[in-house]
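Whole structure, please, built from the sequences with the hints as guidance.
2 protein chains.
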Amino acid sequence: MQLAADLDTPAVTIDLSKLQKNIARAQRLVSEAGKLNRPHIKTHKIPDIAAMQVKAGATGITCQKLGEAEVFIDAGVTDDILITFNIVGAAKTRRLVDLARRVKRLAVVADNETVLQGLSEAARGSGVDLPVLIECDGGFGRNGVQTPDAALDLARLADRLPGLVFEGLAVYPNNALNTKPFFSRAIELFKGAGVPLPVLSGGGTAALLTLADYPMMTEHRAGTYAYNDVMTVESGAATWDDCAMHVRATVVSRPTEDRAIIDAGSKVLTREQYFVKGFGRIVEYPEAAIANLSEEHGMVDLSASPRKPEVGEVISIIPNHCCVVSNMVDEVYGLRNGAVEVVWPVAARGKVR
Amino acid sequence: MQLAADLDTPAVTIDLSKLQKNIARAQRLVSEAGKLNRPHIKTHKIPDIAAMQVKAGATGITCQKLGEAEVFIDAGVTDDILITFNIVGAAKTRRLVDLARRVKRLAVVADNETVLQGLSEAARGSGVDLPVLIECDGGFGRNGVQTPDAALDLARLADRLPGLVFEGLAVYPNNALNTKPFFSRAIELFKGAGVPLPVLSGGGTAALLTLADYPMMTEHRAGTYAYNDVMTVESGAATWDDCAMHVRATVVSRPTEDRAIIDAGSKVLTREQYFVKGFGRIVEYPEAAIANLSEEHGMVDLSASPRKPEVGEVISIIPNHCCVVSNMVDEVYGLRNGAVEVVWPVAARGKVR
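If you read the sequences in order, they're chains A and B. Counting the first sequence from 1 gives a position; my numbering is that position plus 158. Counting the second sequence from 1 gives a position; my numbering is that position plus 158.
Mixed in with the good hints, there may be bad ones.
[What the hints assert, rightly or not] Each pair of labels, with its calculated beta carbon distance range:
#1 Arg-282(A) with Ala-163(B): 44 to 52 Å
#2 Arg-282(A) with Glu-499(B): 52 to 60 Å
#3 Met-159(B) with Glu-346(A): 26 to 34 Å
#4 Lys-179(A) with Asp-256(B): 38 to 46 Å
#5 Gly-470(B) with Arg-282(A): 14 to 22 Å
#6 Leu-335(B) with Pro-339(A): 54 to 62 Å
#7 Thr-414(A) with Asp-317(B): 58 to 66 Å
Treat the hints as calculated values from the structure; they're not laboratory data. No residue lacks a Cβ here, since even glycine has one placed at the ideal position from N, Cα and C.
See below:
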């Protein structure tokens, strides 16, 4: 039996009890809201964890990239997958159609005509009909059509193009100001046009707490909730005790009274910050700040910490954003009662295509 | 023959002519300054490129982590390696001593007594004498002893401890304000104490242009110069034409007139910025700004760009920091005259321990 305390550092650990509790809680929230749960696997990138989510009641999974979907389909976790990224180019649309043949339902999003044309070209005559959701910009300012009218135009195009089946609309994340009015108007518009909307897909971990505000949505895609992190805690969607992922790191230097250097830098913690200060929360020294990162060094400011760690001491860090940390390591260690119960390869790490 | 234009995206490419030119130029600068060249392999993490650096005249290589040194020693690139990171804990010091047995010289840095004691415990009686450089904080505010006196104390300890051989001092990067006075005082102090300083090791790519200002240094460790990036160009150490690494990405959406979404996000480009604005320079659209990144999406602000790319168009991005991009991908494509000449696995990617 390997003890967590004996893991060489840096090491990414997952508290299995917290993981199971987080999965059960999200499933309960989505089920109670009367929606289907389609967790996003980008958070963990591990088929075994997706299998836990499906076992808990998830209707299928969400992947961001084709390469992720290939890993999860190879693992046989589910036969109902949604890829929430515009798939562009013949190399990818061919892979998509090959993949679609292997499962019951492989749906994709699209937010422009070029993407729809490319999907149709690959699917027509292949015997596969690709379900398509039109992605809407519900206030996030990333992908997505800008108006319900544009969504209707694309929906009609998808319905006309061979090899495609229009299924509904998708948005990420549910947004109090914009998403609800956008979807309310869209539903009216589509109803008037006689175009059915069987799927309305929303998302977000913070949005798990406001599902009742989006009665029109039929399914929910959240990812981060499985592990949680500084961002979900600071957004009010979790507590520190809900954080299942930790980065174990060793203090390798104490160059000054107020500075510690740890062996976890941006190659593990990443430089993701968004609205968060610093680069992670040190569980044992919550007043200390991870003030900066080099690739291998974490620079810890101890000036506000009454206690100071010594060289050789191992600390546990809750990262700012768990999903991006999963992508930095080849394996994570599943812990229960202080021991390593499972070592999971991060099977879909680095799948950028 | 695979054309660069046919590579599926995102793809990280290396212009082989530029790489060779960059390697030759740095070697010339270091040789002309009368120093030994010990390039840092963290930039590329590829044994074939280290072999090119050694062939051009490098005396050996620098690694940041033990796991990197293992990859390069396995590949047989050189038998003279310096690891510039405090090695802490029995699991690692054992690996270090095993590795040291396999090469002519495997040197390490240390900046505190605990590290020296641990190295000595592993080395004593093993038949291996580990060369040790004392790391000094030459103004960077990361690792390193704070004073020349502290360096002398540790040097004497290293000389007393069995299994260790004190060799000199190391700093990163050479810093106009602090490094020179620190090293000048240290040389005087060590001379007065009768402690020889055969190795004085400095570093940095920008510092390649000011080597003459550090006549005391005996060797130089630079990494980024092999590829160059937005940071080296903006610091004046390279031109856009010297940038050998590009991230090829496809425009997958044009949700608005002034917004393009590309299929390279933080999982390829990373969120490294330091003093740089945006997240990389688009070669074909230099007035466009990569304003933000999600994991898979790059959000491009086209408002200042007179021309706007269409969905499906492939663009080339010079990343802010090439070293961290190498760590995000499993392979890079070496290009010559628009064709793929070599596909290199990034052999030391993800070696965080």
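Inset, instruction - Using the Cβ atoms, figure out if Lys-179(A) sits within 38 to 46 Å of Asp-256(B). - result: holds (42 Å)
Legend entry - Satisfaction of the hinted span 52 to 60 Å by the C-beta atoms belonging to Arg-282(A) and Glu-499(B): violated (37 Å)
Legend entry - CB-CB spacing for Arg-282(A) and Gly-470(B) relative to the 14 to 22 Å hint: The hinted range 14 to 22 Å holds for Gly-470(B) and Arg-282(A), with Cβ atoms some 18 Å apart.
Legend entry - Outcome for the supplied range 54 to 62 Å, where the beta carbon pair is Leu-335(B) and Pro-339(A): holds (56 Å)
Legend entry - Thr-414(A) paired with Asp-317(B), Cβ distance criterion 58 to 66 Å: violated (25 Å)
Inset, instruction - May I ask you to test the hint 44 to 52 Å on the CB atoms belonging to Arg-282(A) and Ala-163(B)? - result: Violated, since Arg-282(A) and Ala-163(B) (Cβ atoms, about 26 Å apart) do not stay within the stated range.
Legend entry - Hint check for Glu-346(A) and Met-159(B) - Cβ pair distance inside 26 to 34 Å: Violated, since Met-159(B) and Glu-346(A) (Cβ atoms, about 55 Å apart) do not stay within the stated range.
Taken one by one, the earlier hints fail for this structure at numbers 1, 2, 3, 7, listed in ascending order.
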